[in-house]
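J.: These are the residues of each chain, in order.
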Amino acid sequence: DVKVTQSSRYLVKRTGEKVFLECVQDMDHENMFWYRQDPGLGLRLIYFSYDVKMKEKGDIPEGYSVSREKKERFSLILESASTNQTSMYLCASSLLRYRDHNQPQHFGDGTRLSIL
Amino acid sequence: AQSVTQLDSQVPVFEEAPVELRCNYSSSVSVYLFWYVQYPNQGLQLLLKYLSGSTLVKGINGFEAEFNKSQTSFHLRKPSVHISDTAEYFCAVTSNTGFQKLVFGTGTRLLVSP
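Protein chains in written order, with our numbering: chain W, 15 to 130; chain F, 12 to 125.
Be a bit skeptical, because a hint or two may be false.
Only pairs whose alpha carbons sit at most 25 Å apart, straight line, appear in this in silico BS3-like list of lysine-lysine [stated by the list, open to error]: (1) F:Lys112 <-> F:Lys69; (2) F:Lys60 <-> W:Lys67; (3) F:Lys112 <-> W:Lys85; (4) F:Lys112 <-> W:Lys71; (5) W:Lys69 <-> W:Lys17; (6) W:Lys17 <-> F:Lys80; (7) W:Lys17 <-> W:Lys85; (8) F:Lys60 <-> F:Lys112; (9) F:Lys89 <-> W:Lys69; (10) W:Lys69 <-> F:Lys69; (11) W:Lys67 <-> W:Lys85; (12) F:Lys69 <-> W:Lys71; (13) W:Lys84 <-> W:Lys71; (14) W:Lys84 <-> F:Lys69.
Sample of chain F residues facing chain W (criterion: CB under 10 Å; computed from the structure) [said to hold, decoys possible]: (15) Tyr47; (16) Leu62; (17) Leu113.
Here are the in silico distance ranges between beta carbons for each label pair [to be verified]: (18) W:Pro53 <-> F:Lys69: 37 to 43 Å; (19) W:Met41 <-> F:Ile71: 27 to 33 Å; (20) F:Ser20 <-> W:Leu130: 44 to 50 Å; (21) W:Met68 <-> F:Glu27: 45 to 51 Å; (22) F:Leu57 <-> W:Asp73: 40 to 46 Å; (23) W:Val26 <-> F:Glu27: 26 to 32 Å; (24) F:Pro90 <-> W:Met41: 29 to 35 Å; (25) W:Glu93 <-> F:Ile94: 23 to 29 Å; (26) W:Lys71 <-> F:Ser95: 49 to 55 Å; (27) F:Gly73 <-> W:Arg58: 42 to 48 Å; (28) W:Ile74 <-> F:Val40: 21 to 27 Å; (29) F:Ser14 <-> W:Lys71: 43 to 49 Å.
These aren't lab readings, by the way, just hints derived from the structure by calculation. Beta carbons are placed, not taken as given, at the ideal position from N, Cα and C, and that holds for glycine.
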């Protein structure tokens with residue numbers, strides 16, 4: 015079974031802090047994704063990566079950056095945390111198929127981040 | 012661009028009753044469709060997926076969904092729900108164009124009461 019592990023389940027930080035959310039997957043997946051989940055808005059894609067050192071902006075990248083130095087690890091960085099970034103953050107991974115996009119994404123349990 | 016609409020934000024139902032959670036999508040190309048379930052304080056878990064072939068897809072925990080291309084729908088059904096089915100359900104769509112991104116609906120919270 016695929017295991018996607020997010021380093022923290024709950025995190026409380028202060029405005030202006032630099033925040034790191036870490037995600038590790040153990041199935042050698044090429045694709046990794048960061049979403050935020052807010053009530054009534056569903057999941058919104060922040061960034062994704064299809065290879066080491068590669069990154070692509072999702073739908074809401076403002077205020078965030080990412081790092082992928084190793085294939086199994088994908089980090090989300092809040093450069094200067096603000097209260098409107100209080101949310102549930104979900105990491106996911108999937109296999110890359112160049113001609114076939116039907117691979118499901120596998121999710122971690124999420125990090126509930128509160129910015130005070 | 013693709014989009015997914017889940018019209019019902021919340022569906023209350025009694026235990027052992029049937030349930031249908033509605034999902035409509037919009038896309039100009041062929042799609043792959045997924046249903047995910049999120050139990051409280053957990054991440055998303057794949058319930059079922061439609062890739063091609065038979066339009067009736069069976070998933071885990073007794074759920075099934077029917078792909079209807081003419082109505083651009085992918086409704087999720089279960090003939091008899093349990094208390095343990097209380098969760099949030101997300102419909103998602105992707106296609107073979109561009110990157111392998113999923114577009115999610117806003118979710119439907121299924122509340123099963125005794």
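J.: Could you run down the list of hints and mark each one as holding or not?
T.: Hints and how they fare:
no.	hint	verdict
1	F:Lys112 <-> F:Lys69	holds, 23 Å
2	F:Lys60 <-> W:Lys67	violated, 30 Å
3	F:Lys112 <-> W:Lys85	holds, 18 Å
4	F:Lys112 <-> W:Lys71	holds, 11 Å
5	W:Lys69 <-> W:Lys17	holds, 22 Å
6	W:Lys17 <-> F:Lys80	violated, 34 Å
7	W:Lys17 <-> W:Lys85	holds, 14 Å
8	F:Lys60 <-> F:Lys112	holds, 15 Å
9	F:Lys89 <-> W:Lys69	violated, 39 Å
10	W:Lys69 <-> F:Lys69	violated, 35 Å
11	W:Lys67 <-> W:Lys85	holds, 9 Å
12	F:Lys69 <-> W:Lys71	violated, 34 Å
13	W:Lys84 <-> W:Lys71	holds, 19 Å
14	W:Lys84 <-> F:Lys69	violated, 36 Å
15	Tyr47	holds, 8 Å
16	Leu62	holds, 5 Å
17	Leu113	holds, 6 Å
18	W:Pro53 <-> F:Lys69: 37 to 43 Å	violated, 30 Å
19	W:Met41 <-> F:Ile71: 27 to 33 Å	violated, 19 Å
20	F:Ser20 <-> W:Leu130: 44 to 50 Å	violated, 29 Å
21	W:Met68 <-> F:Glu27: 45 to 51 Å	holds, 49 Å
22	F:Leu57 <-> W:Asp73: 40 to 46 Å	violated, 22 Å
23	W:Val26 <-> F:Glu27: 26 to 32 Å	violated, 41 Å
24	F:Pro90 <-> W:Met41: 29 to 35 Å	holds, 34 Å
25	W:Glu93 <-> F:Ile94: 23 to 29 Å	violated, 43 Å
26	W:Lys71 <-> F:Ser95: 49 to 55 Å	violated, 38 Å
27	F:Gly73 <-> W:Arg58: 42 to 48 Å	violated, 30 Å
28	W:Ile74 <-> F:Val40: 21 to 27 Å	holds, 24 Å
29	F:Ser14 <-> W:Lys71: 43 to 49 Å	violated, 19 Å
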